[in-house]
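Visitor: Residue numbers (this note's numbering), protein chains in the order written: chain P, 6 to 538; chain U, 4 to 1055.
Careful, some of the hints might be misleading.
Distance condition first, Cα-Cα at most 20 Å in a straight line; then the derived DMTMM-like pairs of lysine to aspartate or glutamate [what the hints assert, rightly or not]:
| id | chain 1 | residue 1 | chain 2 | residue 2 |
| --- | --- | --- | --- | --- |
| 1 | P | K40 | U | D652 |
| 2 | U | K829 | P | E522 |
| 3 | P | K289 | P | E211 |
| 4 | P | K397 | U | D607 |
| 5 | P | K40 | P | D27 |
A partial selection of chain U residues facing chain P, derived with a Cβ cut-off under 8 Å [unchecked claim]:
| id | residue |
| --- | --- |
| 6 | L276 |
| 7 | E296 |
| 8 | Y539 |
| 9 | L609 |
| 10 | G613 |
| 11 | R654 |
| 12 | N657 |
| 13 | W665 |
| 14 | A711 |
| 15 | N746 |
| 16 | S772 |
| 17 | T776 |
| 18 | T801 |
Away from chain U, derived, C-beta distances all over 12 Å, residues of chain P [claimed, not checked]:
| id | residue |
| --- | --- |
| 19 | D27 |
| 20 | Q261 |
| 21 | S278 |
| 22 | K355 |
| 23 | A366 |
| 24 | K370 |
| 25 | P383 |
| 26 | P499 |
Honestly, the hints are just simulated from the structure, not real lab data. Ideal placement from N, C-alpha and C gives every residue a C-beta, glycine not left out.
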Amino acid sequence: MKIKYLIITITSLALLFTGCNDLDTLPQGNDVTSKQKGETYELNPERAEAGVNAIFAQFNQYMPNETALGAERHNDFGYPSIMLFTDANGMDVVSDDNGYNWTGNSLDFSDRVYTSNESQIVWNDLYALIYTANDVIGSIDAATEDPQSQYYLAQGLAARAFSYFNLVQLYQFNYVGNQSSPAVPIITDENSDAAALEGAPRATVEEVYTLILSDIDSAIENLESAQAADVVRADKRYFDLAVAYGLRARVNLTMQNWTEAAADATKAIAETSAVPTGLTEANKPAFMDVSEKNWMWGIIISETDRVVTSGIVNWISHMGSFNYGYANFSGGKQINKMLFESISETDVRKGWWTDADGVSANLTKEQQATIDSYGYNPYTQVKFAPYQNVMKTSTNANDIPLMRVEEMYLIKAEAEAMSGGGNSTLVDFVSTYRDPSYSFSSSNSADIQEEVYRQRRIELWGEGLNWYDIMRLNKPVDRRGGGFPNATMVFNIPANDPLLLWRIPQKEIIANPALSEGDNNPTAPTPQPVEDF
Amino acid sequence: MKRKLMMFLALFFIGIGAVVAQTQVRGTVVDDTGEPVIGATIQIKGTTQGTITDADGNFQLTAPVGGTLVVSYVGYETQEVPVSANINIVLYTDTKLLDEVIVVAYGTSTRGTFTGSVGVVDSEKLEMRQISNVSNALSGNVAGVQILSNDGQPGSSATVRIRGVGSINAGMDPLYVVDGIPFDGDLSSLNPSDIASMTVLKDAASTALYGARGANGIIMITTKQGKGGSTVSLEARYGVNSRSIKNYDVLTSPKNYIEQSYQAIYNAGVYSLGYDPVRANRYANTTLTKNSEGGSGYTIYTVPQGELLVGTNGMLNPNAVLGYNDGEFYYIPDNWADETFSNNPRQEYNLSISGGNERRNHYISFGYLNDQGIVSNSGFERFSIRFNGDYKVKDWFKVGSNMNYNFSDSRFSDENTSTSSSGNAFFIANYIAPIYPIYVRNGSDEQIALLNGKTMYDYGDGQSTNFSRSFMSIANPAGDLMFNDTNYAMDIFNGSWYAELTPLEGLTLTARYGLNVNNRKYSDLGNAYMGQSASYGGTAYQQLDRFYGFNQQYLAHYNYALDEINNFDVTVGYDEYSYSNQMLYASGQNLYNPESYYVSNAIDNLRGGGTLDEYSTRGIIARLNYSHDNKYFGNIAYRRDASSRFHPDNRWGNFWSASGAWMISDEGFMEGIDWLNMLKLKVSFGQQGNDDIGNYYAWLDQFRMTGADGVFADGALIYKGNPDLSWETSTSYNLGFDYAMFNNSLTGSLEYFGRKSGDMLYNKPTAGSLGYTSIPMNIGSMTNSGIELDVNWNAVNTRDINWDIYFNATSIKNRINELHPDLEGKMIDGTRIYEEGESMYRMYLVEYGGVDVETGLAQYWATDAETGERYLTDDYAVAQNHRIATNDLLPKVYGGFGTSVTAYGFDAGIQFAYQLGGEIFDSGYQRLMHSGYSSSAGMNWHKDIYNAWTPENTNTDVPRLNANDRYANSTSTRFLTSSDYLSLNSVTLGYTIPVQKLAFVDISRLRIYVVAENVGILTSRKGLDPRQSYISATTARYTPIRSVSGGVSLTF
């Protein structure tokens, strides 16, 4: 009898425990499964916006390629990584290759080896941004009448245009003359499922620009209509109408659609609330906070972001001269010496870098003391202020500029000149905001374009835009006389050298059934150093 | 004395009670050679009364008429004889062979009847070893088991591979089952001295019942149980650790290093920058002390005013004096290895008390281990307490419980396992050029500087001194070890409980629960004095992890004998497992008390977070065993298993096995073959599953939620899930013989096995253009097949001398049968290639073409895009288009051998492991063969660099030195090296003091011994440790520890 009871007890105990084990296990915390996203949106419908915000989170990621690379790289943090790579490729942002500060592979172009970490970071980051944008675009009816949905849709479209615009310029030479050359695979919300199975071939430059223009046009329409219904962006991380015009101005400028570029730049200037910083504002370290008056669009970084809590895995760690990070342990980043010398003494931007004596007129005593104490080389940048202007801070939470209104003036100036409109925009802009003694008299469009290029190199230094000018204007990468500290990094790479093009990562070639080795950009020989000036 | 008195009193009273039935017994005990057995135990069955034989093997005692005497002696088969006046007993050597109990899935079996494939490491073999983690016990001991270890940190677990590697991406670790309960806990929580046996189950017949987690083999660990009379064992050992693997042959003199470094920079001037010799000499002299372009960043020689450090002849200026004073600081090189490594003590104490009778038994132990490693502040300390007990409440009802509590404190930095991390003490000590100071020295007195009484370390950051080190700037792991504080404190509870009912003869019902809870507290102090963390004013980090695993099993077991020769036993059951890991962390910067890691001691950037992960499985099992006449054995097992890693529709998998054995030696036709004592043929076939793709929710897309200031973002994809994902299935077969011959002196097994993994769990690399770079899939199949040989030879067996020799060898072939169709038979993943029909252990490398005789540049083969023909180039970037697959890197054969001797109370044992016929990529050597290129500046050189190309030395395989040659030591076939090794794992020497000599005290056994673990290794290159992995090795990790201890073990 007793045995019977025991058996019953044990069996019922067994059944009791059995009920406790749930096979639908899910994580809790900041990793969210697709299943939980749906459940959360039901509990709190406002959270649906988080999917759109993800576009902008992609600009600010902590080691997003850790799994893909099988390595933790301290220069892997989303879009700003690309800004640093391309700047280091060029001749304007000078840095020492000390084997420690992560710039070596880009200084010597070994990032072009298609197994390099950099080559994968550039590719994966831009396409991850496209993936997120496609998710947003695919979830909203293209013909939606709801202003909120139109606004969200525009964010996806503009982000996708931005990404493809970056890609097309990195993987092929400039638009004019290369329309039929292979660019990059086009993945949209419509073909992504098919591409997962069959892959996608390199679309032509023309095809990619067609998609970019169609996306940005559609984004502008949606933003206009959303804005008419008073749906506007909450902060400067998002696209608004002015940023969309600004982006289209960049695209048209690159395509050499001069009239359209000038028109878009003009609209952007008219539409945006941003205004250029004046002579008494541009004469101090800045470019640190998205609220600055001249910013149209930027990456907003918070103190709690993983890139910031890591201390050193962030953009300003590699760029900043006043704060704790890679730059200050590696001699900082300098401006090309010849470019610096071309800046007039009366230009407020002369003080964005220290001079031959390591001194900048733009600095307070405390700022100058910081620069002195870190022992930088001459021509070190003091353009970017440390976070909240705290010297030697280790809280590297600087926001990162993506579009400033000054660039719109320069686009306008160039596009007008190239369409026969003269130099007045250029001269007005520089003399009003940067150099009261500025004079430039040539009315030759090529001369104006060259001068705008010089202005852009100065104005936009370190903001990740210079490389696109080199590609757009078919410029050589001539580092001679630039003050590169390593004789071994002094190259003179001619315009249109195959080395300038990024190569599609080997992993993409292997995993994409529509691509083979022969489809890649050609391997370029390793550059050889040349005698410095 | 007290005990003897008690015994006397007990005997006295019992004697009175049983006075009627007593008789006097006299007898002799001899062994099969006729020699008297001294100290054999004669016990009256069912009582605690007894005696032992004297020096002539004689005994006498009073015993009840009609009773039974139990005669036993270690190493001999126990005999029972009826009580009579004169008894002469012959004890036979205990071969244990057929009756040895083997722990198997959900129960036990015996050697004789078991149909699967096992290897056993018993407590005797474990006693021979000095290990802090049980996983290291298997090295060289069990055929088919391979031990990889790339972390010598005391207490850390080795990687165990049983019969090869069954999958590309899925987990490859065996399942540990401790006392019948699957164990996911930390292996360091098991005290090796509590372990009675480790049984490795290798084939499907043995492992199929564990379904989900058994595919990579199972290691059944059985802890000690009490039995017989009360015994107390005490063991104490104390010893010293030292470095088992020396560094590569690197440059040791600053002069030699400077001259090589000069040559590299000088050559850059001449060959790359087009300088004339004079300008190149000047360039090299200035650059040497810069921290870029190949310079070290340090000035360590003082040269007379106006003279150069290195002359145009490339030799160090003879007037140069080592040591440089810049007024503020004094710089002179230190030996980083000597300053980092130290011979630290290791001590271990174990006390156990065990005993029992027919109704109950207990085993209680307490252990303490303190292993200080070979780097100060990297020690492991463990307290372990165990209580194992069984209680037979009624004849039909039995309960038992094993409780194990552990506290361990492990002080180490994770950095030491992270190759090329600036915090890795091993990396830096092994690779740093012999020119750098480790300490800061004052310029005034040239003595090591102190900061608040603390030794100041040179972090090479331009702040601790005026110089910035090219190699691992802002780093000084020795200083970090001294001033930082990193530790894991773990409270681990492993408990299991069972109840067993026997309601009917032959029927057993068992409920078993197992709980493993590990509360792990990780603390990390980044010091506020110097180095990176000082820039933050010191950093504090605390993390709590709670790992929780709960297992429940319900089994019904029925034994049925149809008649004398046909026996059945059936098991059915259900089991469930749930696991969770909760994590909570906090961090902060800028410390009030610079030496406290409690986060509230910080005032800036206070952060925190918490997460939970969960996983669970369920299984239903059934097994039927059949034996016929103890000659034929059959076994069928089935398991249906569910895992939470898969979509509900793909969650359940069915796994099974069938096996049989034939005791050939018992057949009539084998009669007369006297030399063959036993020959058994075993065959098994079965399927198991594997769900271990590494992500707990692999069927779901996963996103990282981020945000701040009210803005959430949840769309950044961090893991692309696959709802179609399901079980990886491995189909295994095993065909083998167990044998015993020559009077059971030669025993062992020979087995042929194969394992074909199908629907492999595999993170398929995807095109980055899709927005993600991999997706888990069930793709393709792979086979591991091979032969295992196990030989044990009892070479001498007399009363006084016993000599055992053992040897095992395994040869495994790995072959990929099938990959995803998209891949067209080939997948390249970084430097690895996976190709159908080939081993998965092949690298895909640029092919080294030797040194260009004319230029001294390293040459690599490239493919001409037009003609498709290969040609030599010195541009590694171009050579990327001509990579080749290497041979299979796996060793052709691996295993172990050893011997143990006991003679006249002395015992000695020695144990080796080996592998032959494989290759490994020696990345440590690669690093040390750089050209002086800026990213390698300040890194040491292997002495082979002396053979670098020069215009005079053109016939060489070592490219020229040139600080601008970035491809001199690029990853290529050049660095493939033989992975053959012979390692001396352990040596022991002991003496057991004869019991007679100890008769005056109550000690039944006293052994004193010396044991050495990890004694040494022979490899193709000094410094290379091929045990690190199948693919590549470096010395940039916590190096294996050699420990030598003396000890005493005492039983009374």
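Visitor: Under the constraints set out in the numbered hints, which ones does this structure not fulfil?
Guide: 3, 9, 12, 13, 15, 18, 19
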